[in-house]
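Since the structure of chain S is provided, determine the placement of chain Y on it from the hints.
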Amino acid sequence: MQVLLGSYSLESDSSELVTNKSENISENQIEKICTRLIDEKIESLTLEFDDDNFIYFRRFNDLVRFVEGPITDYAYLQQLVRNDLSGKIQRIKASTEDDSPSPQTKEIRKVSEIVEINKPEDDENDNNKETRLIHNALFTPLNSFKKTFQNAELYFKPFEAPGGDFYWFKDYQYKSLVVVGDCTGHGMQGAMIAMSILTLLKQFFQLPPLGLKSAIADFYKQLKNIQEEESNGIFDAELGFVLMDKRTNQIDFIGSGINMIVKTGNESQLLSTRKSQLIKNKQESFSLKLKEGDNLFIFSDGISDQFDADDDRKLGNKKLFSLIEELGDASAKSFTDAFNNFRGNTPAMDDQTMLILTI
Amino acid sequence: MTVSRFQKLVNDLKAQFLPDGRIELFEGGQIEMERFIYCASSTRQTIVETGDSILITKKIGPKLFVEISASKVSYNIGILKRVSAQISEELRKNTLMTVN
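Protein chains in written order, with the numbering used here: chain S, 138 to 496; chain Y, -17 to 82.
Just chain S, with the same shape it has in the complex (with noise of 0.2 Å):
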């Protein structure tokens, strides 16, 4: 019997084989564990302690690897190791005699950069500093996103600070859930009404949904019963929701008036949503298989309602399509280079938010 001993340290992006290292269980038991596991053909077991560790077995055949790890990193360790933590094999008996990591077995694995632009300008102004204190306070670090996606990458512009787009990320065990939005108006009126509403989402999104579609349903449902309880009507939102399964890069896209572009090798694909859908309950979902290195332009209306450098014309989905379509990469960095050649000095009118996803 071989069994492959592994410990990922997330923090450090590098794994390392250490044997039991929060010594929750005896090596003795491991061994016991692992016989049982290939005898009663059991695919994988989890042990969670009361210390906030687990470890994790999977098995192949006679094969036995297991990974250790905080429960915090549990999806993403567990992945790893379904998905082939390379490492040095060794029996559990020679593994006891030195604990300590072997050079040869260490393994770093590169998170791609990410890259956050569009910071406010002044470092010294305090408007900017609070809406920066804001904004980290109430989004997700766009680090979170690497559990899912390679890379995640964000031109986010607001026309009048905080603003009212938003976007959020929430992992589960085998899905994802991303969203983007446009809260009705700008400044510190729609970062209240995004604050709001990003709550919203978090309570009603703490599992998976099962069907989108019925979901976003039931969400608008929620909202319309707030909207109802104030007078000024401003409490609404234009939503896009990205639920990715990572077993399969599945992903479903539904939305009111979110749009995204998906970029697959040389071909893209426009994904467009209208609120007055939903309203009708008639919302068109878009379920499409991806494959590694395909990316997603998540916007709001604020991008393609941009006028050009003449103050003439919108930009529109169609020209946003064509510019993205003309990328080099998929970086902020060269979204914002094409996008300010088109705009040149004319000003933005509404927040705007372009957020890139990596699969």
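In case anyone wonders, no lab produced these hints; they're calculated from the structure.
Where is the CB? At the ideal position from N, CA and C, for every residue including glycine.
Just so you know, not all the hints are guaranteed correct.
Claimed, not checked - Result set (BS3-like, lysine-lysine): computed pairs, CA atoms no more than 30 Å apart in a straight line:
hint : chain 1 : residue 1 : chain 2 : residue 2
1    : Y       : LYS54     : S       : LYS339
2    : S       : LYS361    : S       : LYS428
3    : S       : LYS178    : Y       : LYS45
4    : S       : LYS307    : S       : LYS428
5    : S       : LYS339    : Y       : LYS45
As the list claims (entries may be wrong) - Between beta-carbon pairs, the in silico distance windows are:
hint : chain 1 : residue 1 : chain 2 : residue 2 : range
6    : Y       : SER24     : S       : PRO484    : 56 to 62 Å
7    : Y       : ASP34     : S       : ASP474    : 28 to 34 Å
8    : S       : GLU421    : Y       : ARG4      : 53 to 59 Å
9    : S       : THR172    : Y       : ASP34     : 20 to 26 Å
Chain Y alone, transformed into the frame defined by chain S:
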């Protein structure tokens, strides 16, 4: 007996969260030592994947365990973990209410 005391609550929770699955309560003595939950005293939950089913055993109290099983076709581990957490929370809450 603790299990019979909570049986109705468990049945209600099953109907609410896991209509296609199985939820059972066990007391310490009923759990055979072969169960993985007994691997170490600090083990609070185990998740076993076999064929097309998932089995979660969770320690609710020192002598009370809940076991949940469901088909992989209908559920995944993440959902079942949340269901098990919800059930233990409900049982703990109910226990406190009964005592008071």
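In ascending order, which of the hints set out earlier in this document are inconsistent with the structure?
-> 2, 5, 7, 8
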